[in-house]
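There are 2 protein chains.
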Amino acid sequence: MEIVSENRSFGGVQGVYKHSSNTCGCEMTFAVYLPPQAQEAPVPLLWYLSGLTCNHENAMTKGGFQEHAARHGLAVVFPDTSPRGAGVADDEAYDLGQGAGFYVNATRDPWRQNFRMYDYILTELRAEVLENLPVQDRHGITGHSMGGHGAITMAVRNHGMFESLSAFAPIANPTRSDWGRKQLSAYLGDDESAWSQHDSALLLDEFGWKGDLLVDQGASDQFLDLLKPEVLADSMARRRQPGQVRIHKGYDHSYFFVNSFAGDHVAWHAERLN
Amino acid sequence: MEIVSENRSFGGVQGVYKHSSNTCGCEMTFAVYLPPQAQEAPVPLLWYLSGLTCNHENAMTKGGFQEHAARHGLAVVFPDTSPRGAGVADDEAYDLGQGAGFYVNATRDPWRQNFRMYDYILTELRAEVLENLPVQDRHGITGHSMGGHGAITMAVRNHGMFESLSAFAPIANPTRSDWGRKQLSAYLGDDESAWSQHDSALLLDEFGWKGDLLVDQGASDQFLDLLKPEVLADSMARRRQPGQVRIHKGYDHSYFFVNSFAGDHVAWHAERLN
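Going down the list, the protein sequences come from chains F and B.
1 is the number of the first residue of the first sequence in my numbering; add one for each residue after it.
1 is the number of the first residue of the second sequence in my numbering; add one for each residue after it.
Derived from the structure by calculation, the hints contain no laboratory data.
A few of these clues could be false.
Any copy will do: because identical chains look the same in the list, a pair fits if it lies in one copy or spans two.
Claimed, not checked - Below, a list of computed lysine-lysine pairs in the DSSO-like style, where the Cα atoms sit at most 30 Å apart:
(1) K18 <-> K249
(2) K18 <-> K210
(3) K182 <-> K62
(4) K62 <-> K249
(5) K62 <-> K18
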């Protein structure tokens with residue numbers, strides 16, 4: 001992997017790296033924050049998956065995670081949200097194609113050649129980071145919006161790969177939302193039976209999560225109708241899933257919301273990873 | 001003034017506003033963070049002046065000030081760095097014209113009609129904020145790079161208007177730097193005697209600052225030759241100016257540097273304003 005930039009941040013290093021991805025068939029950029037503790041010994045790793053339209057940079061610059069990660073001794077990795085480039089399929093809409101990978105392995109043309117973010121993150125990027133940076137093979141995962149969907153679906157389907165799980169305003173029930181039906185149909189085809197493996201509320205209802213789960217949601221989120229936190233809360237309560245869904249008065253869907261609760265999430269993961 | 005956006009952040013409100021500026025002869029946008037304490041009673045106000053190429057948004061989204069301002073009960077105002085718009089003079093270079101107001105009142109064509117950031121901030125925006133938001137007439141000022149230059153020069157020339165002063169990697173000696181000579185010449189003319197009123201090191205040497213002064217500087221800043229922190233440190237030591245210039249190993253000129261020390265600066269100002 002190649003260094004794009006490295007900046008000192010809270011005594012650690014905020015790096016941006018790129019590598020040639022076999023899984024996605026293109027060059028992929030990602031960011032990793034290494035806390036000061038990583039200079040002494042490998043540290044656990046928190047995955048932060050971003051939402052629609054984002055790349056590796058948004059949460060890295062606007063999420064405010066570094067301060068908390070430095071305090072708790074966690075590394076944080078910020079992957080991109082899709083394959084990118086001139087040779088990669090795309091769509092004019094902001095919510096399909098580049099910037100909108102939805103954390104699935106596409107099986108349909110024109111997407112299936114590059115749009116394999118599920119395997120990219122769980123296998124290729126994970127191996128790349130473990131091989132090249134001073135991090136332990138001990139992982140937590142979180143994300144915002146489409147990234148919250150990615151975090152919950154990946155962890156619940158792969159209990160052995162993650163020790164801790166949380167989400168910010170996740171797309172909770174994409175099989176019943178316009179943020180989901182369009183993308184799952186395009187990437188996976190019209191057979192809806194394949195979709196349930198990518199729906200947090202359905203997966204939690206069926207499998208539960210081995211640990212406890214923290215979900216934060218703004219009560220003034222402009223996308224509540226698309227996110228459907230009530231379906232997630234219902235699934236968790238019915239399953240008796242340990243954890244909490246916190247609804248925060250006045251908060252919207254922006255990074256000001258994510259930033260405000262980043263400290264709580266990093267502390268939550270640190271408690272379970274350290 | 002008109003609301004552009006308001007987002008809940010750390011229990012307070014991050015607002016963006018615009019108004020028609022008589023001083024600058026154009027519409028101006030600025031951001032204000034109001035901490036939760038402002039819902040009960042007016043709070044003191046910290047001015048954050050940004051650097052070259054920035055507008056009201058950069059430090060608002062990347063500086064990480066809200067968390068600390070909420071803890072300490074300070075409002076923070078983020079002005080733009082210049083007048084803007086189709087009818088406003090500009091230059092192709094990033095460091096002259098729009099985005100590069102240098103916090104002076106220009107006296108030369110084509111700049112003098114709009115480029116009056118010194119008066120805009122000290123008089124017009126100050127009045128606008130005091131009139132429309134729950135803030136006390138009690139001010140601290142800080143800034144980064146060109147904004148650190150603005151903070152020190154404005155405070156040292158107007159002791160009565162500010163109670164506390166700090167800077168991040170200020171352009172400290174613009175009369176002897178390519179970040180300064182070009183702009184002061186364009187905005188104020190070739191008579192260098194007018195420039196000394198806009199040089200932090202010269203002003204501190206001549207007048208000092210009534211309180212103590214906190215300056216942070218990255219040792220790996222890529223612009224050290226243009227910033228000249230050694231001239232500022234020399235002025236302060238010679239003047240016996242209370243305060244400190246802290247040189248931080250490994251830090252560069254980016255917002256990752258500002259973000260890493262934002263908490264220290266907000267605490268510094270809060271101690272002196274509350």
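Of all the hints given earlier, name the ones this structure violates by number, lowest first.
-> 2
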